[in-house]
Amino acid sequence: MFTVANVIAFLVGRRRLVPSGHLGSSRFVQTTLINSGLVEMVKSIIPPLTYTSHKGDAGRIGVIGGSQDYTGAPYFAAISSLKLGADLSHVFCAKDAASVIKSYSPELIVHPVLDHPDAGSEVDEWLPRLHAIVLGPGLGRNDKIISNAKVIIDKIKKLGIPIVIDADGLYLVTEYPEIIKDYTKAILTPNVVEFSRLYQKMLGRKPSEDEPVNNVKRLSQQLGYVTIVQKGENDIISNGTQVLVCCGEGSPRRCGGQGDLLSGAMGTFIYWAHMAVEKKTYNQSFEIYGPTVCAAYAACLLTRECNRRAFHKHQRSTTTSDMANSHDLGSSVKFIHAWLGTSVSVLENWQQEISFDNMSDIHPTEDGRTGCSLANEAKSHDLGSSVKFIHAWLGTSMSMSLKIGNKRFHLITCLTYTQLKMEDLGVLLQMSSGLDLLAHIVTSELAHIVTSELAHIVTSELSHIVTSELSHIVTSELAHIVTSELSHIVTSELSHIVTSELSHFLTSELSHIVTSELSHIVTSELSHIVT
Numbered sequence: 001m002f003t004v005a006n007v008i009a010f011l012v013g014r015r016r017l018v019p020s021g022h023l024g025s026s027r028f029v030q031t032t033l034i035n036s037g038l039v040e041m042v043k044s045i046i047p048p049l050t051y052t053s054h055k056g057d058a059g060r061i062g063v064i065g066g067s068q069d070y071t072g073a074p075y076f077a078a079i080s081s082l083k084l085g086a087d088l089s090h091v092f093c094a095k096d097a098a099s100v101i102k103s104y105s106p107e108l109i110v111h112p113v114l115d116h117p118d119a120g121s122e123v124d125e126w127l128p129r130l131h132a133i134v135l136g137p138g139l140g141r142n143d144k145i146i147s148n149a150k151v152i153i154d155k156i157k158k159l160g161i162p163i164v165i166d167a168d169g170l171y172l173v174t175e176y177p178e179i180i181k182d183y184t185k186a187i188l189t190p191n192v193v194e195f196s197r198l199y200q201k202m203l204g205r206k207p208s209e210d211e212p213v214n215n216v217k218r219l220s221q222q223l224g225y226v227t228i229v230q231k232g233e234n235d236i237i238s239n240g241t242q243v244l245v246c247c248g249e250g251s252p253r254r255c256g257g258q259g260d261l262l263s264g265a266m267g268t269f270i271y272w273a274h275m276a277v278e279k280k281t282y283n284q285s286f287e288i289y290g291p292t293v294c295a296a297y298a299a300c301l302l303t304r305e306c307n308r309r310a311f312h313k314h315q316r317s318t319t320t321s322d323m324a325n326s327h328d329l330g331s332s333v334k335f336i337h338a339w340l341g342t343s344v345s346v347l348e349n350w351q352q353e354i355s356f357d358n359m360s361d362i363h364p365t366e367d368g369r370t371g372c373s374l375a376n377e378a379k380s381h382d383l384g385s386s387v388k389f390i391h392a393w394l395g396t397s398m399s400m401s402l403k404i405g406n407k408r409f410h411l412i413t414c415l416t417y418t419q420l421k422m423e424d425l426g427v428l429l430q431m432s433s434g435l436d437l438l439a440h441i442v443t444s445e446l447a448h449i450v451t452s453e454l455a456h457i458v459t460s461e462l463s464h465i466v467t468s469e470l471s472h473i474v475t476s477e478l479a480h481i482v483t484s485e486l487s488h489i490v491t492s493e494l495s496h497i498v499t500s501e502l503s504h505f506l507t508s509e510l511s512h513i514v515t516s517e518l519s520h521i522v523t524s525e526l527s528h529i530v531t
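Every letter in the sequence shown is one number past the one before it in the UniProt record's numbering, and letter 521, counting from 1, is 521.
Source of the hints: derived by calculation from the structure; they are not laboratory data.
Since the model is a prediction, treat every value here as computed from it, not as a measurement.
Heads up, a few of these hints could be off.
[Stated by the list, open to error] Now the in silico label distances, taken between C-beta atoms and shown as ranges:
no.	residue 1	residue 2	range
1	Pro117	Leu159	18 to 28 angstroms
2	Arg254	Ser208	19 to 29 angstroms
3	Val100	Asp154	22 to 32 angstroms
4	Lys150	Arg254	29 to 39 angstroms
5	Lys144	Pro47	32 to 42 angstroms
6	Asp210	Lys55	44 to 54 angstroms
7	Asp124	Asp210	43 to 53 angstroms
8	Asp124	Arg254	36 to 46 angstroms
9	Val193	Pro47	15 to 25 angstroms
10	Gln242	Pro47	22 to 32 angstroms
11	Gly232	His314	19 to 29 angstroms
12	Gly232	Lys95	27 to 37 angstroms
13	Thr319	Lys158	33 to 43 angstroms
Using N, Cα and C, we set each Cβ at its ideal position, and we do this for glycine too.
With the hints as constraints, model all of the structure from the sequences given.
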């Protein structure tokens with residue numbers, strides 16, 4: 001649920017206060033939902049498609065991973081980078097995995113060198129041609145491959161190539177953190193378990209459950225300001241100085257391979273971000289966060305949108321293949337250009353920042369949720385049929401719970417009320433007239449829902465009743481008519497037939513009998529008389 005502070009911060013469109021238990025000592029965290037500048041930041045690094053560009057200009061991405069047991073992970077990472085918009089995708093894998101990975105797609109360039117005794121030399125020819133590396137998907141933990149991966153990482157660093165490390169690559173970093181320390185062109189993408197292991201390795205203690213954001217910042221600082229993306233319900237991104245939280249809706253499915261889609265997309269984005277630095281096409285927000293945080297943020301945002309689309313279509317049967325093919329990752333870039341639609345256009349006019357230091361009477365809700373995604377609240381399955389109403393209410397609505405002192409008020413509001421000034425909002429929440437207005441809004445909208453739903457029910461039920469009753473009436477009446485008419489026809493016709501036939505029979509027979517008998521009598525009598 002949302003606190004008053006969350007509501008006010010949302011309305012001004014600058015920052016949102018996440019409950020302190022989720023931020024530690026930090027009071028603010030930037031999120032994907034409320035600052036259109038972040039969206040513009042992502043848009044500024046996406047290269048335009050032109051007829052004058054050459055193959056490879058949009059990115060040549062290398063994926064290092066793939067073993068006999070894990071062939072799907074490197075495929076998903078490589079195909080993700082391609083579908084996002086990279087031109088070429090190379091996979092450097094173990095020999096046993098090469099033919100299998102190649103069979104998944106003819107668009108991948110597969111090199112079976114990862115378990116070669118001198119794998120470092122085998123990749124020397126290719127590394128200078130690549131713009132970004134994704135290391136870890138399906139890598140496995142074979143000693144020879146791990147040793148080769150260490151050599152390859154060292155070569156990548158010397159060439160200054162951006163790198164995304166995921167999956168078994170994180171196991172390698174946990175065992176040998178010095179191989180990536182201080183390399184600020186790197187992004188690590190641990191899940192909660194992988195993050196905990198790496199955190200304990202670097203700081204000698206378990207991460208605090210009450211301070212996940214500060215945990216990510218501390219780990220990044222310990223690794224020399226390497227960018228960390230802690231994946232979870234909300235993705236926490238930090239380069240040790242700046243923090244972003246990506247909390248798009250995504251999918252409730254947890255099938256394997258989703259992290260590989262993320263790392264592949266991140267590989268493409270990290271190249272685009274560094275290319276934007278060279279061409280100076282970035283915007284003001286990019287200068288604040290830098291290429292690695294921007295790339296991580298963009299990949300998290302985009303992957304969540306693809307997952308949401310796939311789940312909307314396939315529901316419980318959704319797999320990672322569906323997510324990779326859901327309208328294609330490339331077409332989902334359009335989503336970034338229109339992120340939140342009306343919400344952004346309404347909010348981008350708000351420029352002021354506010355502080356909640358004096359709002360001592362405002363507390364986080366007891367359940368401790370960050371409430372990062374307003375759209376998630378609006379689309380909750382618990383809302384049932386009312387979801388249609390929420391989607392139609394200016395496109396973005398939210399369900400909020402306000403806790404003021406010991407009182408809690410529930411209300412429904414929408415982006416229209418961003419037009420209220422801060423002081424107006426305060427008065428609105430405290431004055432009974434304001435509450436009456438909110439009551440009126442809720443009553444009015446509920447009346448709309450009830451009217452709409454009743455109309456649907458009545459229409460549906462009447463249709464059912466009319467169909468059912470007409471069927472019954474027609475069947476009953478036809479049976480009655482047929483029975484009655486047949487009875488009448490049979491009775492009438494039989495009567496006519498019997499009467500006619502008997503009359504004919506009697507006339508014919510009597511005539512015959514009378515004629516025969518009279519003839520006999522006359523003949524006999526005349527004979528007798530004559531004699």
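Going down the list of hints, with the structure as the test:
1. In this structure the supplied range 18 to 28 angstroms holds for Pro117 paired with Leu159, their Cβ-Cβ distance being about 22 angstroms.
2. In this structure the supplied range 19 to 29 angstroms holds for Arg254 paired with Ser208, their Cβ-Cβ distance being about 25 angstroms.
3. A hinted range of 22 to 32 angstroms for the beta carbons of Val100 and Asp154 is consistent with their spacing of about 28 angstroms.
4. A hinted range of 29 to 39 angstroms for the beta carbons of Lys150 and Arg254 is consistent with their spacing of about 31 angstroms.
5. Our hint of 32 to 42 angstroms for Lys144 and Pro47 holds, since their Cβ atoms are close to 38 angstroms apart.
6. For Asp210 paired with Lys55, a C-beta distance near 50 angstroms keeps the hint of 44 to 54 angstroms intact.
7. Look at Asp124 against Asp210: about 47 angstroms separates their beta carbons, and that is inside 43 to 53 angstroms.
8. Taken as a hint, the range 36 to 46 angstroms holds for the pair Asp124 and Arg254, whose Cβ atoms sit roughly 39 angstroms apart.
9. The supplied range of 15 to 25 angstroms is broken by Val193 and Pro47, whose beta-carbon atoms lie about 36 angstroms from each other.
10. For Gln242 and Pro47, the hinted distance range of 22 to 32 angstroms is satisfied, since their beta carbons lie about 24 angstroms from each other.
11. One distance hint, 19 to 29 angstroms for the beta-carbon pair Gly232 and His314, holds here, with the actual separation near 23 angstroms.
12. Taking the beta carbon of each, Gly232 and Lys95 are about 36 angstroms apart, inside 27 to 37 angstroms as hinted.
13. One distance hint, 33 to 43 angstroms for the beta-carbon pair Thr319 and Lys158, holds here, with the actual separation near 39 angstroms.
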